[in-house]
Amino acid sequence: MASRTEYLTMRTEEPRAFVNLTEKVRDIVRRSGVGEGVVLVSSMHITSAVFVNDNEAGLLSDIEAWAERLAPRGDYAHHRTGETNGDAHLKNLLLGHQVLLPVTRGELDLGPWEQLFYGEFDGQRPKRVVVKVLGDPR
Amino acid sequence: MASRTEYLTMRTEEPRAFVNLTEKVRDIVRRSGVGEGVVLVSSMHITSAVFVNDNEAGLLSDIEAWAERLAPRGDYAHHRTGETNGDAHLKNLLLGHQVLLPVTRGELDLGPWEQLFYGEFDGQRPKRVVVKVLGDPR
Amino acid sequence: MASRTEYLTMRTEEPRAFVNLTEKVRDIVRRSGVGEGVVLVSSMHITSAVFVNDNEAGLLSDIEAWAERLAPRGDYAHHRTGETNGDAHLKNLLLGHQVLLPVTRGELDLGPWEQLFYGEFDGQRPKRVVVKVLGDPR
Chain A
1 MASRTEYLTM RTEEPRAFVN LTEKVRDIVR RSGVGEGVVL VSSMHITSAV FVNDNEAGLL
61 SDIEAWAERL APRGDYAHHR TGETNGDAHL KNLLLGHQVL LPVTRGELDL GPWEQLFYGE
121 FDGQRPKRVV VKVLGDPR
Chain U
1 MASRTEYLTM RTEEPRAFVN LTEKVRDIVR RSGVGEGVVL VSSMHITSAV FVNDNEAGLL
61 SDIEAWAERL APRGDYAHHR TGETNGDAHL KNLLLGHQVL LPVTRGELDL GPWEQLFYGE
121 FDGQRPKRVV VKVLGDPR
Chain W
1 MASRTEYLTM RTEEPRAFVN LTEKVRDIVR RSGVGEGVVL VSSMHITSAV FVNDNEAGLL
61 SDIEAWAERL APRGDYAHHR TGETNGDAHL KNLLLGHQVL LPVTRGELDL GPWEQLFYGE
121 FDGQRPKRVV VKVLGDPR
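Residue numbers (the numbering used here), protein chains in the order written: chain A, 1 to 138; chain U, 1 to 138; chain W, 1 to 138.
In isolation and in its complexed conformation, chain A is listed as follows:
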C-alpha cells in the first residue's frame, strides 16, 4: 500500500470564509504515488467544515446564509465556558466534518462541478486540516 499524510494550516483573515482546497488536494494526491485509492480530507477542528460543492460565488453566499439561518449566532449553553462560538460547532455538523474522495489512475476522480471546500466559522487563528491518501501504488 502507498500512503501520504499532509496537514494544511488554514488561517483565514475573516471569522467566516470558504476556501477552495481542490488544487492543494490534487497536488498531494499526485505526490502520494497512489494510483487506485481514496483521499480523506478532514477538519481537525470542530468549528470548521469540509464539504464538496460548486465553486460559484452566488452559491457560496447562499450556503453561508443557509448555515446562518439553520445554525444562527446567538446564545448557547456552550458559552458558559467563556466560548462564543456555539454556532460554529453546529455549522460544522450541518455542512460536514470531512469528505472522502476517490483516486483513480493516480488522479482525484471528481465530477464536472465537484470542488472541495474548507468552511471556516471561527477563524482568524491557525487551524489544521488532515489530508490522508491511501491505496495501491501507481
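No lab work stands behind these hints, which were simulated from the structure alone. Hints may be right or wrong, so weigh each one.
Note that the list lumps identical chains together, so a pair holds whenever it fits in one copy or between two copies.
[As the list claims (entries may be wrong)] With a straight-line cut-off of 25 Å between C-alpha atoms, the simulated SDA-like cross-links for lysine to any residue are: (1) K127 x L40; (2) K127 x T104; (3) K127 x L8; (4) K24 x E13; (5) K127 x R26; (6) K127 x R105; (7) K127 x M1; (8) K127 x N20; (9) K24 x G74; (10) K127 x G111; (11) K127 x T22; (12) K24 x T104.
Starting from the known structure of chain A, arrange chains U and W on it as the hints suggest.
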C-alpha cells in the same frame, strides 16, 4: 490490495426521487473480489445526495418533506447564473454527499434496516455515482 | 494490509443520549496493528448518529436542542407503520451516520478538541456500531 471502481448513471424520470442502490452496490462488492475493506459510494454531482436510511415509503416521504422544509425551493443568489436549482445544492449538504460502507468477509456489512439511497433533487438528466471498493482480496 | 473489525453494542438507559466513543475506538486502533490507515466508525442503525465534536456538557446540550429544533418529535408518515421514531431518522441524517478517522503512526490522529460521539435518539434497546480499521501494518 484489491479494488474495483464502477460508475452508475442515474436518470430519474421525476425532478426529485429516491433510488435504492443497495443491491447494485452489493453486486459490485461481490464482483470486486474484496474480502475485508470498504466501499465508497459518492455522488459526482452536487445536486444529489447519497445516504443510508430505512426503505419505508412513509419515511422516504418524511425525508423529502423535511429536506424541503429546511432547504426550500425559492430564490437564491446562485440563480443569477441562470440556474434554478439552489435548493438542490443545499439538500445535498443536508442529506450528505457520500457514504462509506464496511465490507466484511466479502459482503456489504449492513445493519438490519440499513439501506443505501441515491437522493435526486435536480433530475431528468444523466448523473453519475462513483462506487469504489478497496481492501484485502478474499 | 492489516485490518480489524469490532462491533460495539450500545444500550443507553435514556431514549436520547450522547456517548463518547473516543477511548474505545483508540483501543481498537491500537489492537488492530495498523500503522498508517483509517478507521471507519458507523452506526448500523438509522435512528442513531456518529459524529465528531467537542466533549463539553453545555455544547452537547446545545446539539441536542438544535437537533430537536430542526428535526422535532411529532407526527410523521413513517408512524403509519406503528413506529414512533420518525424524528430519530431525521436526526441521524442531520448529525451524520458515520465518520472516518485517520490513523497515523499507529494512533488515532485527532485534533486537540476532536472527540467521537455516538448519538442515540431511540434508545433503551441494544444497537450496534461497526468499527473497522484498515491500513498498512505497523
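Checked hints:
1. For the identical chains of this complex, K127 and L40 are neighbours both inside a copy (17 Å) and across copies (23 Å), given an alpha-carbon limit of 25 Å.
2. In the homo-oligomer, the alpha carbons of K127 and T104 lie at most 25 Å apart only across protomers (19 Å), although the nearest pairing inside one protomer, at 29 Å, exceeds that limit.
3. Proximity of K127 to L8 under the C-alpha cut-off of 25 Å is restricted to the intra-copy arrangement: shortest distance 8 Å within a copy versus 32 Å between copies.
4. Taking the shortest alpha-carbon separations for K24 and E13, only the intra-copy value of 19 Å comes in at or below 25 Å, while the best inter-copy value is 38 Å.
5. In the homo-oligomer, the alpha carbons of K127 and R26 lie at most 25 Å apart both inside one protomer (20 Å) and across protomers (23 Å), since each shortest distance falls under that limit.
6. In this assembly of identical chains, K127 and R105 lie within 25 Å of each other by CA distance solely across copies; the values are 21 Å between and 31 Å within a copy.
7. Proximity of K127 to M1 under the C-alpha cut-off of 25 Å is found in neither arrangement, the shortest distances being 29 Å within a copy and 32 Å between copies.
8. For a Cα distance limit of 25 Å, the shortest separation of K127 from N20 qualifies both inside one copy, at 15 Å, and across copies, at 23 Å.
9. In this assembly of identical chains, K24 and G74 lie within 25 Å of each other by CA distance neither inside one copy nor across copies; the values are 34 Å within and 34 Å between.
10. In this assembly of identical chains, the alpha carbons of K127 and G111 lie at most 25 Å apart only when taken from different copies (9 Å versus 28 Å within one copy).
11. When the C-alpha separation of K127 and T22 is checked against a cutoff of 25 Å, the pair qualifies both within a copy, at 18 Å, and between copies, at 21 Å.
12. Both within a single protomer and between protomers do K24 and T104 lie at most 25 Å apart by alpha-carbon distance, with minima of 17 Å and 20 Å respectively.
In summary, the numbered hints that this structure violates are 7 and 9.
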